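Asker: The residues making up each chain are set out below.
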Amino acid sequence: DQQVKQNSPSLSVQEGRISILNCDYTNSMFDYFLWYKKYPAEGPTFLISISSIKDKNEDGRFTVFLNKSAKHLSLHIVPSQPGDSAVYFCAASGASGANSKLTFGKGITLSVRP
Amino acid sequence: GEEVAQTPKHLVRGEGQKAKLYCAPIKGHSYVFWYQQVLKNEFKFLISFQNENVFDETGMPKERFSAKCLPNSPCSLEIQATKLEDSAVYFCASSHELPNQPQHFGDGTRLSIL
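Residue numbers (this note's numbering), protein chains in the order written: chain A, 30 to 143; chain E, 2 to 115.
Hint data in this document are derived by calculation from the structure and do not stem from the laboratory.
Bear in mind that the values here come from a model prediction, so they are computed numbers and not experimental data.
All C-beta atoms in this analysis are idealised placements derived from N, C-alpha and C, irrespective of residue type, glycine included.
Worth double-checking, as some hints may not be accurate.
[Claimed, not checked] With a cut-off of at most 20 Å between alpha-carbon atoms, the simulated SDA-like pairs for lysine to any residue come out as follows:
no., chain 1, residue 1, chain 2, residue 2
1, E, K28, A, F75
2, A, K83, E, V90
3, A, K135, E, V90
[Said to hold, decoys possible] Partner residues are not named here, just some residues of chain A that face chain E (Cβ under 7 Å, in silico):
no., residue
4, Y61
5, G72
6, F75
7, S129
8, G136
Bound-form chain A, shown alone (with noise of 0.2 Å):
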């Protein structure tokens, strides 16, 4: 049973647009929510994060926004540059030090044109 899924497999957009990369999740126990961006041969790279006590946390050119009640979170990326193009992990984990393992989806391919 998947907990964290990323149903869009591939993202393509046009470079100075808005990129939205969205994920779902089952598990209410999850506490905090991370994006990794994922070059190839790489490990994952850390973007931004969220705890469920906000729905929004910003850095600069990506925005994380949490609905805790649908159990849905969205990273945006504005504006999109070439060099965005990898695949991005949504992750989650639980509230307390014992649960902290990360717990990923599959992954969403994203593209950006120039």
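Based on the hints, put chain E in the right spot on chain A.
Answerer: Using the frame of chain A, we list chain E on its own:
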């Protein structure tokens, strides 16, 4: 250091041989996590440590897999009597504290069992 360092980058073993992977966490980080990426976009949690103590081993296969984090040494993940199905990329991550702190990943070790 400022990055999670994993060695070797690529390890090739014949079926039945032993494999040992190493991870040096970011300096000052108390928590270390191991994940296995078997299929291209699926991460599976294996085990975590708080300093040299096992924190969560719920994802660790009961047989053949073992891990350690000893003081003043890189952490290690060892697989005895490897099988073809152990072929995967093994990622190590570290975190300063828990909960609600991001995990930072190394670039992984690609284990190929022939």
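Asker: Hint compliance check: list the failing hint numbers for this structure, sorted ascending.
Answerer: 2
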